[in-house]
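Chains as they are written, first to last, in our numbering: chain D, 11 to 650; chain H, 51 to 300.
A few of these clues could be false.
Which chain D residues face chain H? A few, computed with CB under 8 angstroms, are given here [what the hints assert, rightly or not]:
1. Ala-487
2. Ala-490
3. Thr-501
4. His-504
Okay, the calculated beta carbon distance ranges per label pair [as the list claims (entries may be wrong)]:
5. D:Glu-281 to H:Pro-188: 29 to 39 angstroms
6. H:Pro-188 to D:Ala-16: 49 to 59 angstroms
7. H:Gln-160 to D:Ser-360: 50 to 60 angstroms
8. D:Pro-397 to H:Pro-135: 10 to 20 angstroms
9. D:Ile-477 to H:Arg-177: 16 to 26 angstroms
10. D:Ile-593 to H:Gly-175: 51 to 61 angstroms
11. D:Ile-477 to H:Thr-171: 16 to 26 angstroms
12. D:Ile-477 to H:Pro-135: 25 to 35 angstroms
13. D:Met-595 to H:Pro-188: 34 to 44 angstroms
14. H:Gln-160 to D:Leu-591: 33 to 43 angstroms
15. D:Val-597 to H:Pro-233: 43 to 53 angstroms
16. D:Pro-397 to H:Pro-188: 40 to 50 angstroms
17. D:Ser-360 to H:Thr-171: 46 to 56 angstroms
Simulated from the structure, these hints should not be mistaken for laboratory data. Bear in mind the structure is a predicted one, so any value in this text is a computation, not a measurement. Idealized CB from N, CA, C, for every residue including glycine.
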Amino acid sequence: MPVESATRAVRTGLVAFAFLAYLIFIGVPGKIGGSALPVLALISALFIWLALRRESAALSGTAVDPGPGAYQKKPGWEIGPRDTSDASPFVDHLPFSVVTGFVLKGVLAGCTTGLLIAVLSGVSATAMGNGVSIQPVFDKIVPVNVAALIGVSPGQIAQAEVPLLRFVLQVLFFAGAGLLAALVAAAARSSQSQAEQLARLTTRLSGPTTVNVARYAGVALPFLLLAYIAWLGLPGVSVFGSNEGTIRLLITLIATGSGLFALRLSLPGRERTVVGVLLGLGVLAMPFILDQFQNSVMGLVFIFVMMGLGLNIVVGYAGLLDLGYVAFFAIGAYTYAFLSAPFSSPYVSSLLLLLGVAPESPLLGYWMALPVAMLTAAAGGILLGIPVLRMRGDYLAIVTLGFGEIIRLFMLNLGELTNGPRGILEISQPALFGLSPSSVTFGLLSSQGWIFLLALVSSALVAFVAIRLNDSRLGRAWFAMQEDEDVAEATGVHLVRTKLLAFAIGATFAGMAGQLYAARQINIFPENFSLFVSIDALALIIVGGIGSPAGIVLGALALKGLPEVLRGVDEYRIVTFAALLVIMMIVRPAGILPSARRRIQINDPNEMGPDSKIVSDGEAEVVQTAGVAKNAANGQEEAM
Amino acid sequence: MLKLDSVHTYYGHIHALKGVSLTVNEGEIVTLIGSNGAGKTTTLNTISGVLSARAGAVYLQDTTRKAGEQHGNGRDGDIRLDQLPAHEVARLGVSQSPEGRKIFARLSVQENLAMGAFARTDADGVRLDLERVFELFPRLKERLSQPGGTLSGGEQQMLAIGRALMSRPRILLLDEPSMGLAPILVQQIFQIIREINAQGITILLVEQNAQAALQVADRGYVLETGNIVLSGAAGDLLANPQVAEAYLGI
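With the rest of the complex left out, here is chain D (with noise of 0.2 angstroms):
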């Protein structure tokens, strides 16, 4: 191996290890007690995997860039668009010599890392064992926080008890760590561009290709992880001692996030319907498998899920930037409070006498109260559009962000109203055939399982009618608007009403789920809904991909179910999750599951062309389809 790939890869494992200093002196390993050790090789090989990538991009770069004038003398790329599965300049497989490269760096990195790591553990274990304290210098180097990192009882510490092949098998597991990642990045780089991967997939279906192992375990990782919650449930059964609760969290929201990647993953047509099928029936089963905290926290994550996907339409479709998007949310909450809790304000009381009905507690149902939220909401949201209906841009992100505000404050100072800061209390529970989470007959579900059944089934609905919106007329007409309201409105759209009902169904769908948390909460004050709910809505979004609903569910996924797995880490919660942020923009800067249309405005449409940068993965079979634009065009005009 050439000596600069080898310090590259010395590097690599120096970067790997001061990352994972940095979760040993938070204290880290002694939260996950015996995992620790397996958690932070995978941490390394996501680190050693992200370099050999970088490398394994700069290798395809020649492959998708063949410069100016290649075009010419590749036959292979004379011919039509996506027409690129048997002409196609990518390798099918890496050289050996390229395998074996990426292997020996992937080792020498995890080496690095893990010698790294041992001498770190060895020092401070002997150290204690000595009766040195080193605390005052790294607060979280404790006994407990040691022994975790070289799998012995914090009792063994202190009597010095750490034999050297502890110390080896360290190193060997982080080379392991390597050797996966190296192997990983490797196959990756046999086929780059989705489209062409999935054309390729359809052909060879027959043998065992790497890339069809890959595929099936991909497909099957979330039926796995769903087992084992259901056996982490089981009575009797502890694996985790104490942190037995936040490990199943964490298991549910990757189980729930892969079962999303194993979608993408299986074959159009029949194996994706029975794939969605048996995966729409492991996640209904989590609400019953779960205990109160799971559920409690899924129950956010997917009240979330409908909230992006609302604010999805407002920003992702019509291109309106919403930053108040929490007063709808407010709005469907309150609506459900005031029309369930035994509170009522002497205004609601008069009205509904004027109307002839008793003001009794609850004056309505879960399900009679919804169709009230959705549409006090859809009301909410008209309201807001008619007045920012020429602002676009910062101006809008301005106004709407005021409007939020006001709703806070009105129900702050509406005291008589709203009950003001002490908020509205006793919210009744939906309840459906007579059965409600505080009825005896109800076993089986959690009350917080009941919500979150209930956020499943509420996100799904939505889900399809933003799915189904994203095709149609309006949507076309919503992307139209986003790219070019002149010429929209010039083709025919008429865009006050278009920006009004994007407005209207994206409220619409913060009432749902403000409705949800109301009933969720039990009780509702204003600051529940502050600014923070509409930043959150729009990171989610942003960080899922705008305008893909499964992104948004990831998205979802990692901005509300996280910071709850990390709430073990306490003091560095935050900081921790803004890394992972960082580390995720910097992957995939267009999301997590970007969806198709998005993709290419990171590459600038106009500026397009085979010159293009790849971004990422994703991004390489936009980069592919223009140089084949390109390329049709140069033919075009050799033609004529």
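Based on these hints, arrange chain H on the given structure of chain D.
Frame of chain D, contents of chain H only:
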């Protein structure tokens, strides 16, 4: 069919059109030529309702009106376009292929064409027109699922014209269809303009390439800083020494 009656259009305080009057008759190709900043695009945008005229009127001959029905804003039963918003003008059969193409970059070719037929409800007619567009521009059919932004300049121009045709327009407003294209493609585009006209669609063509435009047109207007300075049959304008000197570069 289309008549502008001393139209004045402003951008804020800037007086862009200073009383433009012109007529386009059914079945004609009329071209509007002039140098940069003469007001050619402003004229088209005023017709299509993207800009509104401060004075004067734009009339469109009304063929859709049934007996006794009152639009109430026209003269002799004509519709006054300058009083309507852009999306209603589009629904009346005035279709614009804007300057600089302005296709929807992130929508696929198919969706772009579907946007052209946005105001229509006759699914069968739309399908027929889609076939017609593909006959004119076979290349678009090969690119159906490709995002508009990834097309080459010539293909984008074809898409812009195709999109405008998808509304089954009575009159097509073409704004600089030859802009930024290779000479060979320019020839092809003008050939296609002739074909479209032969199918019975009236065309108002705005061009900087005066020579090519006058060759394809029946009549022409010369626009200079917001005023019509010259008009006549296309052949006469081509032969006119003033025009030749100023716009044809001869």
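Hints versus structure:
1. A cut of 8 angstroms between beta carbons decides the hint on Ala-487 of chain D: the least distance to chain H is about 7 angstroms, and the hint holds.
2. Taken as an interface hint, Ala-490 of chain D checks out: its beta carbon lies about 5 angstroms from the nearest beta carbon of chain H, inside 8 angstroms.
3. For Thr-501 of chain D, the shortest C-beta to C-beta distance to chain H is roughly 5 angstroms, which falls under 8 angstroms, so the interface hint holds.
4. With 8 angstroms as the threshold, the beta carbon of His-504 of chain D comes within range of chain H, its nearest partner Cβ sitting at about 5 angstroms, so the hint holds.
5. Remark: the range hint 29 to 39 angstroms for Glu-281 of chain D to Pro-188 of chain H is upheld by a beta-carbon distance near 36 angstroms.
6. At roughly 56 angstroms, the beta carbons of Pro-188 of chain H and Ala-16 of chain D sit within the given window of 49 to 59 angstroms.
7. The given range of 50 to 60 angstroms is respected by Gln-160 of chain H and Ser-360 of chain D, whose C-beta atoms sit roughly 57 angstroms from each other.
8. For the hinted restraint 10 to 20 angstroms between Pro-397 of chain D and Pro-135 of chain H, the CB-CB distance of approximately 19 angstroms keeps it satisfied.
9. Range check, Ile-477 of chain D to Arg-177 of chain H: about 24 angstroms between beta-carbon atoms, so the 16 to 26 angstroms window is met.
10. Take Ile-593 of chain D and Gly-175 of chain H: their Cβ atoms lie about 52 angstroms apart, and the range 51 to 61 angstroms holds.
11. For Ile-477 of chain D and Thr-171 of chain H, the Cβ-Cβ distance of about 24 angstroms falls inside the hinted range of 16 to 26 angstroms, so the restraint holds.
12. Between Ile-477 of chain D and Pro-135 of chain H the CB atoms are about 31 angstroms apart, so this pair conforms to the stated range of 25 to 35 angstroms.
13. The hint said 34 to 44 angstroms for the Cβ distance between Met-595 of chain D and Pro-188 of chain H, and at roughly 42 angstroms that hint holds.
14. The beta-carbon spacing between Gln-160 of chain H and Leu-591 of chain D, approximately 36 angstroms, falls within the hinted interval of 33 to 43 angstroms.
15. Between Val-597 of chain D and Pro-233 of chain H the beta carbon distance is about 46 angstroms. The supplied range of 43 to 53 angstroms therefore holds.
16. A C-beta distance of roughly 48 angstroms is found between Pro-397 of chain D and Pro-188 of chain H, which places it inside the suggested range of 40 to 50 angstroms.
17. The given range of 46 to 56 angstroms is respected by Ser-360 of chain D and Thr-171 of chain H, whose C-beta atoms sit roughly 48 angstroms from each other.
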